[in-house]
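Asks: Sequence:
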Amino acid sequence: MYKEILDNLRDQYINDSRPWLVGFSGGKDSTLVAALVFNTILSIPHDQRNKPVTIISTDTRAEIPAIVEILENTLKRMSKSSQKLDLNVEVMLLKPPPEQSFWVNIIGRGYPPPNRVFRWCTQRMKIDPVTKFVNQRMGHWGEAIIHLGARRAESASRAQSMAGREKRNGLRRHPDLPRVWVSNPIEYLTTEEVWAYLLQNNNPWGDDNRALYKLYTNASNGECPIHIDNSTPSCGNSRFGCWTCTVVERDKASEGLLAAGDERMEKLIEFRQTLLDYRDPSNGKRDMKRMNGNDGPGPLHIEARRELLSQLLNLQEELSLTLISPEELLLIQQMWKTARDPDDGQGVARIINEQRGVIMNTDINELNSLREMEEKVAQELGVRADTLRRMLAVVEGYSESHRAYGLQDDLLNALKDDLDSQAAEQGTDHV
Numbered sequence: 024m025y026k027e028i029l030d031n032l033r034d035q036y037i038n039d040s041r042p043w044l045v046g047f048s049g050g051k052d053s054t055l056v057a058a059l060v061f062n063t064i065l066s067i068p069h070d071q072r073n074k075p076v077t078i079i080s081t082d083t084r085a086e087i088p089a090i091v092e093i094l095e096n097t098l099k100r101m102s103k104s105s106q107k108l109d110l111n112v113e114v115m116l117l118k119p120p121p122e123q124s125f126w127v128n129i130i131g132r133g134y135p136p137p138n139r140v141f142r143w144c145t146q147r148m149k150i151d152p153v154t155k156f157v158n159q160r161m162g163h164w165g166e167a168i169i170h171l172g173a174r175r176a177e178s179a180s181r182a183q184s185m186a187g188r189e190k191r192n193g194l195r196r197h198p199d200l201p202r203v204w205v206s207n208p209i210e211y212l213t214t215e216e217v218w219a220y221l222l223q224n225n226n227p228w229g230d231d232n233r234a235l236y237k238l239y240t241n242a243s244n245g246e247c248p249i250h251i252d253n254s255t256p257s258c259g260n261s262r263f264g265c266w267t268c269t270v271v272e273r274d275k276a277s278e279g280l281l282a283a284g285d286e287r288m289e290k291l292i293e294f295r296q297t298l299l300d301y302r303d304p305s306n307g308k309r310d311m312k313r314m315n316g317n318d319g320p321g322p323l324h325i326e327a328r329r330e331l332l333s334q335l336l337n338l339q340e341e342l343s344l345t346l347i348s349p350e351e352l353l354l355i356q357q358m359w360k361t362a363r364d365p366d367d368g369q370g371v372a373r374i375i376n377e378q379r380g381v382i383m384n385t386d387i388n389e390l391n392s393l394r395e396m397e398e399k400v401a402q403e404l405g406v407r408a409d410t411l412r413r414m415l416a417v418v419e420g421y422s423e424s425h426r427a428y429g430l431q432d433d434l435l436n437a438l439k440d441d442l443d444s445q446a447a448e449q450g451t452d453h454v
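Just so you know, the sequence shown maps onto residues 24 to 454 in the numbering used here.
These are calculated hints, taken from the structure and not from any lab test.
Glycine included, every Cβ here is placed at the ideal spot set by N, Cα and C.
A couple of the hints might just be wrong.
[To be verified] Computed list of lysine-lysine pairs in BS3-like fashion (alpha-carbon distance at most 25 Å, straight line): (1) Lys290 <-> Lys275; (2) Lys439 <-> Lys103; (3) Lys312 <-> Lys290; (4) Lys439 <-> Lys155; (5) Lys439 <-> Lys118; (6) Lys99 <-> Lys399; (7) Lys74 <-> Lys107; (8) Lys107 <-> Lys155; (9) Lys155 <-> Lys99; (10) Lys275 <-> Lys237; (11) Lys103 <-> Lys118; (12) Lys99 <-> Lys74; (13) Lys275 <-> Lys312; (14) Lys118 <-> Lys155; (15) Lys290 <-> Lys399; (16) Lys439 <-> Lys74; (17) Lys103 <-> Lys74; (18) Lys237 <-> Lys290; (19) Lys399 <-> Lys155.
[Unchecked claim] DEER-style ranges, computed between Cβ atoms: (20) Pro68 <-> Glu289: 34 to 42 Å; (21) Asp34 <-> Val271: 26 to 34 Å; (22) Arg233 <-> Gln431: 32 to 40 Å; (23) Thr345 <-> Asp199: 30 to 38 Å.
Take these sequences, add in the hints, and give me the full structure.
Replies: What follows is the structure in structure tokens.
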């Protein structure tokens with residue numbers, strides 16, 4: 024059955040010119056799909072490996088630490104392997120912009136922690152970054168195919184959803200991206216068949232799946248799939264996801280990791296409970312007038328936001344984890360100045376000054392100056408500020424790895440996306 028899947032992928036690679044996207048969450052199903060894609064390309068002669076293939080993954084900035092560690096290490100191995108083996112595979116780790124991060128929305132804007140009715144996080148933190156990236160690429164692609172690890176055996180609702188979408192040549196149209204076709208190579212595999220392959224075969228990028236299996240064993244749950252539309256299940260219930268997830272009453276994955284010895288999860292679970300308490304209107308942490316002016320539970324009071332920020336910074340210091348960035352702190356301060364009970368513009372700085380040992384490489388004023396400088400330089404260069412920031416992040420990533428191979432191509436891709444976006448807005452073709 025695995026051979027049949029590989030044969031189909033190989034035929035599609037050779038006979039269908041559309042570029043490939045591969046959704047990768049770091050869990051078992053997406054790991055299997057990525058491995059099958061890599062093995063497919065390895066079976067193609069070097070001179071025929073012309074198809075653009077991009078591994079896309081998302082980091083909400085609030086993922087369970089153990090998941091982030093495995094995901095980032097795997098993506099690095101994939102990228103290195105692609106370059107070494109000449110596979111023409113690009114690896115992209117997408118993140119929501121700081122303006123839409125979990126903490127900027129809660130502590131900055133005062134959004135109540137999400138629940139099943141107001142689940143604002145999935146769209147902003149997972150779907151939107153992927154959609155933006157795909158739309159940028161579609162500016163110079165006619166159509167594309169995205170390979171996902173969805174399986175009918177996952178749940179009855181998943182099976183019903185997949186069965187209800189019409190196929191054409193084995194592909195389904197994406198519900199929200201009209202020029203993207205969805206491929207589910209392992210659609211009919213059982214969980215046992217997925218693990219059988221993963222445990223009997225090393226990954227093409229150079230490691231085995233014992234650590235992944237141990238992670239599942241410890242958590243006794245499944246992974247949070249990469250989100251490309253609202254039909255994908257949320258990160259709560261029995262899936263790995265954000266340690267901050269308040270959509271469900273209990274995060275069994277986090278509790279399982281704690282029971283298995285990941286001591287970091289104890290404090291993270293406690294803070295998650297704090298978020299649940301602050302969401303409850305009866306605890307007096309929320310304004311009783313909604314953001315639209317109507318009566319009812321509204322945003323968090325400014326004092327509640329100050330309390331959460333102070334507790335979060337303490338947690339960051341205690342666990343030695345980067346939970347909130349300096350740029351997010353800048354944005355939070357800007358939003359506090361427009362709250363119903365406005366801050367005087369120094370609230371965040373005072374909280375930071377009260378903390379001892381909190382790692383802050385840049386103060387608020389320096390960050391503000393940096394953003395203004397970036398805007399000015401970007402205007403002079405004729406590119407968008409977020410494109411310039413992306414290019415700076417690319418250079419920084421290469422600097423950390425002490426290598427330069429591939430840097431020029433990644434910088435050109437960033438510029439190409441910028442030109443395509445501008446052309447799309449102007450209704451013209453880019454040059």
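Asks: For every hint, state whether the structure bears it out.
Replies: Here's how the hints hold up against the structure:
For a cut-off of 25 Å, the pair hint linking Lys290 to Lys275 stands: about 15 Å separates their Cα positions. Distance check on the hinted pair: Lys439 and Lys103 sit about 23 Å apart at the alpha-carbon level, within 25 Å; holds. Restraint check for Lys312 and Lys290: the C-alpha separation of about 32 Å exceeds 25 Å, so the hint is violated. This hinted pair checks out: Lys439 and Lys155 have alpha carbons roughly 14 Å apart, not beyond 25 Å.
Proposed proximity of Lys439 and Lys118 is supported: the alpha carbons are some 19 Å apart, at most 25 Å. Restraint check for Lys99 and Lys399: the C-alpha separation of about 33 Å exceeds 25 Å, so the hint is violated. Between Lys74 and Lys107 the alpha-carbon distance is near 17 Å, which keeps this suggested pair within the 25 Å criterion. For the proposed pair Lys107 and Lys155, the alpha carbon gap of about 29 Å is over 25 Å, so the pair is violated.
Taking the CA atoms of Lys155 and Lys99, the gap is near 23 Å; set against the 25 Å cutoff, the hint holds. For the suggested pair Lys275 and Lys237, the alpha carbons sit about 16 Å apart, so the restraint of at most 25 Å is met. In summary, the hint linking Lys103 to Lys118 is supported, as the alpha carbons are separated by about 21 Å, within the 25 Å threshold. Taking the CA atoms of Lys99 and Lys74, the gap is near 21 Å; set against the 25 Å cutoff, the hint holds.
Between Lys275 and Lys312 the alpha-carbon distance is near 34 Å, which puts this suggested pair outside the 25 Å criterion. For the hint pairing Lys118 with Lys155, the CA-to-CA distance comes to about 11 Å; that is within 25 Å, so the pair holds. For the suggested pair Lys290 and Lys399, the alpha carbons sit about 42 Å apart, so the restraint of at most 25 Å is broken. Taking the CA atoms of Lys439 and Lys74, the gap is about 18 Å. The hint holds against a cut of 25 Å.
This hinted pair checks out: Lys103 and Lys74 have alpha carbons roughly 18 Å apart, not beyond 25 Å. With a C-alpha separation of about 22 Å, the suggested pairing of Lys237 with Lys290 holds against the 25 Å cut-off. Restraint check: the Cα-Cα separation between Lys399 and Lys155 comes to about 24 Å, which is no more than 25 Å; the hinted pair holds. In this structure, Pro68 and Glu289 break the distance hint of 34 to 42 Å, their C-beta atoms being roughly 53 Å apart.
The hint said 26 to 34 Å for the Cβ distance between Asp34 and Val271, and at roughly 42 Å that hint is violated. Between Arg233 and Gln431 the CB atoms are about 37 Å apart, so this pair conforms to the stated range of 32 to 40 Å. Restraint check, Thr345 to Asp199: a C-beta distance of roughly 32 Å satisfies the suggested window 30 to 38 Å.
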